[in-house]
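Asker: Listed here are the chains, written in short residue letters.
2 protein chains.
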Amino acid sequence: MFEAAEVGRTLSKKAYKQRLPALRAALLGAQQQLRTASFPVLVVFAGVDGAGKGETVNLLNAWMDPRWIATRAFGDPSDEERERPEQWRFWRELPARGRLGFFLNSWYSRPVVDRAYRRVSRVEFDFQLRRIAEFEKTLADDGALIVKFWMHLDKEAQRVRLKTLESDPLTRWRVTKLQWKHWKMNDRFIDAGEQTIRTTSTAQAPWTIVEGRDEQYRSVTVAESLRDAISRRLSDRAPSGQKHKRTSRPEPVDEQAAETVLSHLDMSKRLEKRPFERELLKYQGELNLLQRRASRASVSTILVFEGVDAAGKGGAIRRITAALDARDCQVIPIAAPTDEELAHHYLWRFWRHLPRAGRVTIFDRSWYGRVLVERVERLATRDEWRRAYAEINQFEDQLIDRGIVLVKYWIHITKDEQLRRFKEREGSDVKSWKITADDWRNRAKWAAYEQAVNDMIERTSTRQAPWTLVEGNDKYYARIRILQTACDGLRQAL
Amino acid sequence: MFEAAEVGRTLSKKAYKQRLPALRAALLGAQQQLRTASFPVLVVFAGVDGAGKGETVNLLNAWMDPRWIATRAFGDPSDEERERPEQWRFWRELPARGRLGFFLNSWYSRPVVDRAYRRVSRVEFDFQLRRIAEFEKTLADDGALIVKFWMHLDKEAQRVRLKTLESDPLTRWRVTKLQWKHWKMNDRFIDAGEQTIRTTSTAQAPWTIVEGRDEQYRSVTVAESLRDAISRRLSDRAPSGQKHKRTSRPEPVDEQAAETVLSHLDMSKRLEKRPFERELLKYQGELNLLQRRASRASVSTILVFEGVDAAGKGGAIRRITAALDARDCQVIPIAAPTDEELAHHYLWRFWRHLPRAGRVTIFDRSWYGRVLVERVERLATRDEWRRAYAEINQFEDQLIDRGIVLVKYWIHITKDEQLRRFKEREGSDVKSWKITADDWRNRAKWAAYEQAVNDMIERTSTRQAPWTLVEGNDKYYARIRILQTACDGLRQAL
Chain A
1 MFEAAEVGRT
11 LSKKAYKQRL
21 PALRAALLGA
31 QQQLRTASFP
41 VLVVFAGVDG
51 AGKGETVNLL
61 NAWMDPRWIA
71 TRAFGDPSDE
81 ERERPEQWRF
91 WRELPARGRL
101 GFFLNSWYSR
111 PVVDRAYRRV
121 SRVEFDFQLR
131 RIAEFEKTLA
141 DDGALIVKFW
151 MHLDKEAQRV
161 RLKTLESDPL
171 TRWRVTKLQW
181 KHWKMNDRFI
191 DAGEQTIRTT
201 STAQAPWTIV
211 EGRDEQYRSV
221 TVAESLRDAI
231 SRRLSDRAPS
241 GQKHKRTSRP
251 EPVDEQAAET
261 VLSHLDMSKR
271 LEKRPFEREL
281 LKYQGELNLL
291 QRRASRASVS
301 TILVFEGVDA
311 AGKGGAIRRI
321 TAALDARDCQ
331 VIPIAAPTDE
341 ELAHHYLWRF
351 WRHLPRAGRV
361 TIFDRSWYGR
371 VLVERVERLA
381 TRDEWRRAYA
391 EINQFEDQLI
401 DRGIVLVKYW
411 IHITKDEQLR
421 RFKEREGSDV
431 KSWKITADDW
441 RNRAKWAAYE
451 QAVNDMIERT
461 STRQAPWTLV
471 EGNDKYYARI
481 RILQTACDGL
491 RQAL
Chain B
495 MFEAAEVGRT
505 LSKKAYKQRL
515 PALRAALLGA
525 QQQLRTASFP
535 VLVVFAGVDG
545 AGKGETVNLL
555 NAWMDPRWIA
565 TRAFGDPSDE
575 ERERPEQWRF
585 WRELPARGRL
595 GFFLNSWYSR
605 PVVDRAYRRV
615 SRVEFDFQLR
625 RIAEFEKTLA
635 DDGALIVKFW
645 MHLDKEAQRV
655 RLKTLESDPL
665 TRWRVTKLQW
675 KHWKMNDRFI
685 DAGEQTIRTT
695 STAQAPWTIV
705 EGRDEQYRSV
715 TVAESLRDAI
725 SRRLSDRAPS
735 GQKHKRTSRP
745 EPVDEQAAET
755 VLSHLDMSKR
765 LEKRPFEREL
775 LKYQGELNLL
785 QRRASRASVS
795 TILVFEGVDA
805 AGKGGAIRRI
815 TAALDARDCQ
825 VIPIAAPTDE
835 ELAHHYLWRF
845 WRHLPRAGRV
855 TIFDRSWYGR
865 VLVERVERLA
875 TRDEWRRAYA
885 EINQFEDQLI
895 DRGIVLVKYW
905 IHITKDEQLR
915 RFKEREGSDV
925 KSWKITADDW
935 RNRAKWAAYE
945 QAVNDMIERT
955 STRQAPWTLV
965 EGNDKYYARI
975 RILQTACDGL
985 RQAL
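From first to last, the protein sequence lines are chains A and B. For the first sequence, the numbering used here begins at 1 and goes up steadily by one. For the second sequence, the numbering used here begins at 495 and goes up steadily by one.
By construction, these hints were calculated from the structure, which means they are not laboratory data. The structure presented is a predicted model; accordingly, all values stated were derived computationally and were not measured. Every residue, glycine too, gets a C-beta built ideally from N, C-alpha and C. Accuracy of the hints is not assured; some may be wrong.
[As the list claims (entries may be wrong)] Residues on chain A that point at chain B, a partial pick, calculated with CB under 7 Å:
| id | residue |
| --- | --- |
| 1 | P66 |
| 2 | E80 |
| 3 | A322 |
| 4 | R327 |
| 5 | E340 |
| 6 | D364 |
| 7 | W433 |
| 8 | T436 |
Based on the sequences and whatever the hints tell you, model everything.
Answerer: Structure representation (structure tokens):
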């Protein structure tokens, strides 16, 4: 695979100097246009030691405007990072739309090194690479431009390069025993590299292999590829204006859907006040004890609450938080995104709220908004909400892999019950603020929401992260059911 | 001081049950109104172990709507926190306007414990308390409502309380050897508490001492105080609408100012191209070596660039970044704040960008915007920009205390030189985007800006964090001067 990058390509100093001014002007120009474009650019650098990854990044920073570039290199994770799924630290450093992110020692670094050291099997490595491909697909689907450079040197060229670095007092510090150790493992790194490129070179995020021996050649090659990739993307979008035009028109939802999982719920389930009060104390006490154990064991919990308006999410959440130590627990209400959140992938705002180890985070509405309100209200295109099912499953897989307890509730009420609650709220002094014109508007789309909920449950209720469907017409019954399920989830994990 | 909190105040179960419904409704109502108000509420809990701090916070969370409350308890700092000034972790957890933050083990915790253990002298403790008072003043001046509860128990009551907790299997875990050790040190904690309350009870952030023995009494006392504090603030603001009305009208700047520090600069200083190129290489090399040492020594650097439009900030910054490893270096361009930033104190957005240990952060414009553009353009009131000098000095003190190298540049050019550069930019294909109508508008206020700069330098050029005034008419001269100063700053710190 790397033969083409071992032919000894060079660029003369003269040719280099000739091409440089126009190249820099083009890069600056592209960057300038990018500032008002609605996509971020991720540039990933990988490859063998000494192939010029760091130098190239520094050079690009010097050639371009460093104010709109974030350069990130990921070493050992900090303790805050270790407490979340591995991708958390990459998500938190993603560039916003209109900006560039240069990634050295990126998401490829640890898997490749682990594989070269044979800490993981070929199959495990393949799994990790597929997860990376999914990560990049998720970002690319959202419009991110992903450009990846694999900087290559053959074993002999690498040896010469390391020797050269060692002989110069200014660069000697860069060559440590580790570099020589890796050099001896060259075959293994090449092997891991091949597997990486094969598995993760996709149409949306292709690798460009760059021969790293000659500094002029590699710098100009990388810079030109980057310039071309940005310009191509900018001109693709140019005719339709600056904003990413939605290509597929949202379709009307089929309101005559057949029976749904929701229609199978026994909505008559109820619980009397007395047994409710008894059970409430019992399960709150149990949840408290379980959460204390979870906290000591550094097990985090995420509870997701979804349901139609007036389904009783708030009341149920308060019965949970009342059982927990407020120090360990955070409720995240999901309303309209902030402008920082809008400048990123829609999942970014949820990644940023993932709890530290041993804590409980309660999402009052969640990432499922993408396939519920955004679908029904046509805020997301058909493509967008359709691919969200897979994106969400992948996101939740990572939570589960990290050992996080994930419980998802859909609290269901009937259309009649909602009407009753709306009227009750309107008639109450204390609760009238809870009901707005929006609520009535949403209610008019009941059938569309029902279908969206049905699809959501069908596609995202996995064995690992099942939905708990809660019959919510009776609040007492619903609250106990919810507490019970939270206890079960924690108990299984501990 | 605590005598009044040792009289054995109680509230009967009956009286408690009577008052509770109205109290809860009032708290929820206040919270609801607060959601659209333009200030955050900080509630601080401190006091001796066993006095009910945690229980009270949990109760308030149960009584109010936990979605708009963030409860934070600060234990040992994470490694990311340790790499910043101590207040960083408090700043990052401050509630946005319209929200409540409950703080357990807050900024008072470590200083009080350190003092009780005699790890710090009385004088040092006093210094820490004064810094806390400044912190609270900074937030209160910005509109934050700060409510502080000191939960007290006398030594005997504390003993009984710890024994009671120990005798119940459900609460036994909360009493460890540490609690008993602290109990024995009761006198010292009381002593540290008195000093704390005396030094940090200000009009804007007063302490309320609460007798913690009786659960009903302390819960209702805290809840009522909180309700009253929020209502009082809400009604103070009510007549002037939801938004915080600026009370003092910004005054016109005296454009006939006498001579300024800037008028003393020798603006004819210049450097020829040849020596520039030689010196550039020399100082860039030196800076690179120094930063590598700083990185190994975990010394962080912050460079602040201010200057009129077209002063050459961008070019100077690129000469610095070109010398550094892009991995270690981040340029933060300061433009209009995001909506998340607007929902916090103006310093919050700078706190959040403080670098991890061993890195360089370059601010292209900075917190000084408060006393420059915000003053001249009347975006800040006279009160706001006037108190900003002290706030900024305090902020920078903390950077210096943490061992961060702070270098602040004011790049100055003459009015004629600016005109020449504006025209040059307008005439250039590559640079024309750099000049906008805003630039011409700002230019018309030259004298006002000059006076603001003069005041800024006078008040914020401290021995610890002096301004470097750079004569910028000649770019070669300015860039070398800037590089030189950065090297000097690092060299002194290492």
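Asker: All hints, please: hold or fail.
Answerer: For each hint, the structure was consulted:
1. For the restraint placing A/P66 at the interface with chain B, the shortest Cβ-Cβ distance is roughly 5 Å, inside the 7 Å limit, so the hint holds.
2. Taking 7 Å as the C-beta contact cut-off toward chain B, the hint placing A/E80 at the interface holds, the least distance being around 5 Å.
3. For A/A322, the interface hint holds, the least distance from its beta-carbon to any beta-carbon of chain B being 4 Å, beneath 7 Å.
4. Contact between A/R327 and chain B, as hinted, is supported at the beta carbon level, the nearest pair being about 4 Å apart and thus within 7 Å.
5. The criterion of a C-beta within 7 Å of any C-beta in chain B is met by A/E340, whose closest approach is roughly 5 Å, and the hint holds.
6. Because the closest C-beta pair between A/D364 and chain B is about 6 Å apart, less than 7 Å, the hint holds.
7. For A/W433, the shortest C-beta to C-beta distance to chain B is roughly 6 Å, which falls under 7 Å, so the interface hint holds.
8. Given the 7 Å rule on beta carbons, the hint for A/T436 is violated: about 13 Å separates it from the nearest Cβ of chain B.
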